[in-house]
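Enquirer: Could you put together the complete structure from these sequences and hints?
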Amino acid sequence: MVDIIIALLLAAGAYLGYKRGLIMQIFYLGTIVIGYVVSMLFSSRLAYLFTSMIPIPTDVTDGLEGIYKGLNIPTAYYRIVSFIVLFIVIRLIIQILAQTLGVVRKLPLIKITDRYLGAILGFVEIYLIVFVVLYLVTVLPTPDWKIAIFKDSVLPDYIIQNTPVLSKQFISLFFNK
Numbered sequence: 044m045v046d047i048i049i050a051l052l053l054a055a056g057a058y059l060g061y062k063r064g065l066i067m068q069i070f071y072l073g074t075i076v077i078g079y080v081v082s083m084l085f086s087s088r089l090a091y092l093f094t095s096m097i098p099i100p101t102d103v104t105d106g107l108e109g110i111y112k113g114l115n116i117p118t119a120y121y122r123i124v125s126f127i128v129l130f131i132v133i134r135l136i137i138q139i140l141a142q143t144l145g146v147v148r149k150l151p152l153i154k155i156t157d158r159y160l161g162a163i164l165g166f167v168e169i170y171l172i173v174f175v176v177l178y179l180v181t182v183l184p185t186p187d188w189k190i191a192i193f194k195d196s197v198l199p200d201y202i203i204q205n206t207p208v209l210s211k212q213f214i215s216l217f218f219n220k
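The numbering of the sequence shown is this note's numbering, which starts it at 44 and goes up by one.
Below 20 Å or equal to it, Euclidean Cα-Cα: the simulated SDA-like pairs (lysine to any residue) are:
1) 194 / 173
2) 211 / 172
3) 62 / 160
4) 194 / 178
5) 62 / 51
6) 211 / 77
7) 211 / 201
8) 211 / 174
9) 194 / 44
10) 211 / 177
11) 211 / 171
12) 154 / 66
13) 62 / 137
14) 62 / 75
15) 62 / 158
16) 62 / 50
17) 154 / 61
18) 211 / 180
19) 62 / 152
20) 211 / 170
21) 194 / 47
22) 62 / 138
23) 211 / 124
24) 62 / 151
25) 194 / 51
26) 211 / 179
27) 154 / 72
28) 154 / 70
29) 62 / 159
30) 154 / 58
31) 194 / 48
32) 62 / 172
33) 62 / 52
Calculated directly from the structure, the hints in this document are not laboratory data.
Expert: And the structure:
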């Protein structure tokens, strides 16, 4: 079931990319890249601020301490929360700016190429979003519903295992002391 959902999301990403076109899709993909880079650079600083503002739910720390022995769970929790907040805020800001540049894609010669190349980038955009969501879900405690959902799925493991550069960056960002 998860495989079908992921495949549909990737197809929807390609379709949205086709509708947006290459120029707009570059901006949308750029929002992910810039949001990712900014979040990687500043999430630990924001996490430090969050330690005094947001308490960690005890069910999160209790569930994770058994799974990830020896790792700094509170630090990882705050880094994950700050990464998500920064990523969403940066992405929204850049998307608003990108909307103002949509006029260029309506030129007749550019329109066809723009759409097909946009479809490819739309697929890549959704792939990256699916990767981030899957990765964050894998670091959460393992309740029965998660085991049942992912048990017969092929795509989640394939995406996590075959995107090693991002996987290593997430491990070092969230779990290094």
